[in-house]
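Novice: Below, each chain spelled out in residue letters.
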Amino acid sequence: MIKITEKSIDVQKVIETASSLGAGAVNVFIGTVRNTAHNKNVVWLEYEAYESMAVAETRKIIDVAAHRWPLMGWAVSHRIGTLKPGETAVVVAVSTKHRKEAFEACQYIIDQLKEHVPIFKKEVFEDGEEWVGARPQAQAATRSN
Amino acid sequence: MIKITEKSIDVQKVIETASSLGAGAVNVFIGTVRNTAHNKNVVWLEYEAYESMAVAETRKIIDVAAHRWPLMGWAVSHRIGTLKPGETAVVVAVSTKHRKEAFEACQYIIDQLKEHVPIFKKEVFEDGEEWVGARPQAQAATRSN
Amino acid sequence: MKIQIKAYGIAREIMGGSIELEFAGTTVHDLRHVLLVAHPQLIGLSSLLIAVNQNYASDEVKLAEHDEVVIIPPVSGG
Amino acid sequence: MKIQIKAYGIAREIMGGSIELEFAGTTVHDLRHVLLVAHPQLIGLSSLLIAVNQNYASDEVKLAEHDEVVIIPPVSGG
Numbered sequence: 011m012i013k014i015t016e017k018s019i020d021v022q023k024v025i026e027t028a029s030s031l032g033a034g035a036v037n038v039f040i041g042t043v044r045n046t047a048h049n050k051n052v053v054w055l056e057y058e059a060y061e062s063m064a065v066a067e068t069r070k071i072i073d074v075a076a077h078r079w080p081l082m083g084w085a086v087s088h089r090i091g092t093l094k095p096g097e098t099a100v101v102v103a104v105s106t107k108h109r110k111e112a113f114e115a116c117q118y119i120i121d122q123l124k125e126h127v128p129i130f131k132k133e134v135f136e137d138g139e140e141w142v143g144a145r146p147q148a149q150a151a152t153r154s155n
Numbered sequence: 011m012i013k014i015t016e017k018s019i020d021v022q023k024v025i026e027t028a029s030s031l032g033a034g035a036v037n038v039f040i041g042t043v044r045n046t047a048h049n050k051n052v053v054w055l056e057y058e059a060y061e062s063m064a065v066a067e068t069r070k071i072i073d074v075a076a077h078r079w080p081l082m083g084w085a086v087s088h089r090i091g092t093l094k095p096g097e098t099a100v101v102v103a104v105s106t107k108h109r110k111e112a113f114e115a116c117q118y119i120i121d122q123l124k125e126h127v128p129i130f131k132k133e134v135f136e137d138g139e140e141w142v143g144a145r146p147q148a149q150a151a152t153r154s155n
Numbered sequence: 036m037k038i039q040i041k042a043y044g045i046a047r048e049i050m051g052g053s054i055e056l057e058f059a060g061t062t063v064h065d066l067r068h069v070l071l072v073a074h075p076q077l078i079g080l081s082s083l084l085i086a087v088n089q090n091y092a093s094d095e096v097k098l099a100e101h102d103e104v105v106i107i108p109p110v111s112g113g
Numbered sequence: 036m037k038i039q040i041k042a043y044g045i046a047r048e049i050m051g052g053s054i055e056l057e058f059a060g061t062t063v064h065d066l067r068h069v070l071l072v073a074h075p076q077l078i079g080l081s082s083l084l085i086a087v088n089q090n091y092a093s094d095e096v097k098l099a100e101h102d103e104v105v106i107i108p109p110v111s112g113g
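Protein chains in written order, with the working numbering: chain G, 11 to 155; chain S, 11 to 155; chain B, 36 to 113; chain X, 36 to 113.
Just chain G, with the same shape it has in the complex (with noise of 0.2 Å):
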């Protein structure tokens, strides 16, 4: 299951729809949205996909780990929207027969879908606002408000 939703995400369902009888192990990452960054407090995070692309994207990676590590089951959920500190931005969730393999698995999913995956979020802080990652560090330092 690949899904890109506006709704609050069910950490749960997700973990259920990776879980496998054959499985022994199950890794899963929740990604939250924390209340500082840049040291600043932030009000809320906005987050928006070329979704169509997202999905296709997320599918490319997971069939890459599917290849390199015995998956028995997968999911991975991602949250659009306004996402206010503690919400939970993505899940992912793998399982597999054996430990090592799912948290390996896991780590790559998320890892590669931060880098390649059309999704992009900006912070939202009391006295300006910043697309991350946007621009090299030097210059988001001297970002306007």
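Because the hints were derived from the structure by calculation, they are not lab data.
No residue lacks a Cβ here, since even glycine has one placed at the ideal position from N, Cα and C.
Don't take each hint at face value.
[What the hints assert, rightly or not] Partial chain B-side listing against chain G, Cβ under 8 Å, derived:
id, residue
1, Leu80
2, Ser81
3, Ala86
4, Val105
5, Ile107
6, Val110
Guided by the hints, dock chains S, B and X onto chain G, whose structure is given.
Specialist: Only chains S, B and X this time, still in chain G's reference frame:
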């Protein structure tokens, strides 16, 4: 939270216990009962624990992990008693600011738990039973039932 | 030819939304040039990819009238 | 001295449950010897640790009458 329990584990609750508003990453390991082992159908598993020491040993593992990685929250829950295939035997959850640390700490905790915490598992098959890891491999293969 | 261009995130904000462009060039490389001239603020971004029909496209890819062309600034999912 | 000995898992099954032992030795090493003689099946286990007062105890640890002594066969949690 370290919990040894005869009741079914509420994964969502373990995750919530480990979560923190300042953390951006939660990694969760879920160990479930497989329906096969040694190419035979598993009917059920029996777990028993030397409870007070199991809690104390788990706490030592967490203390080391909290020294090595900047944990912002953690929780470990281990089920004992009779478990059927598909049921959850153990959940480890940790939250950290960044994801790499969450993966590493969670894997460290489950690896150490499996090696040092006095919990004991018996696999019950249709035609016999076996205390997991009790005997060197060669002898285990010729165990009586 | 006319191409419809969609953009996301900071690229969307800089370009002011989706645009229709009368495009005289042929490749992704040409399109990128046109966009950077029209919207110099795009130059300051850490990266600027162009997706054609839902795949990241390299500079030499040729564009056709009904291609789905999308401007992809640095991604930051997760 | 008398010591109460608890055991878990396969060790519990081999020893037939908790036992009270009239112990003539002094150390964990001595106790292990007594147990292996009394229950030779314990010899076949992959490992056999002895916990004293809830800590894994090395062979030279001395035992006292009211110590909590527990026999720990190979662990297999998770």
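Novice: For every hint, state whether the structure bears it out.
Specialist: Hints and how they fare:
1. Leu80: 6 Å, holds
2. Ser81: 6 Å, holds
3. Ala86: 6 Å, holds
4. Val105: Because about 6 Å separates B:Val105 from the closest Cβ in chain G, which is inside the 8 Å limit, the hint holds.
5. Ile107: Where the cut-off is 8 Å and the nearest Cβ of chain G is about 5 Å from B:Ile107, the hint holds.
6. Val110: Nearest chain G Cβ about 6 Å off; hint holds.
Of the numbered hints given earlier, the model fails none.
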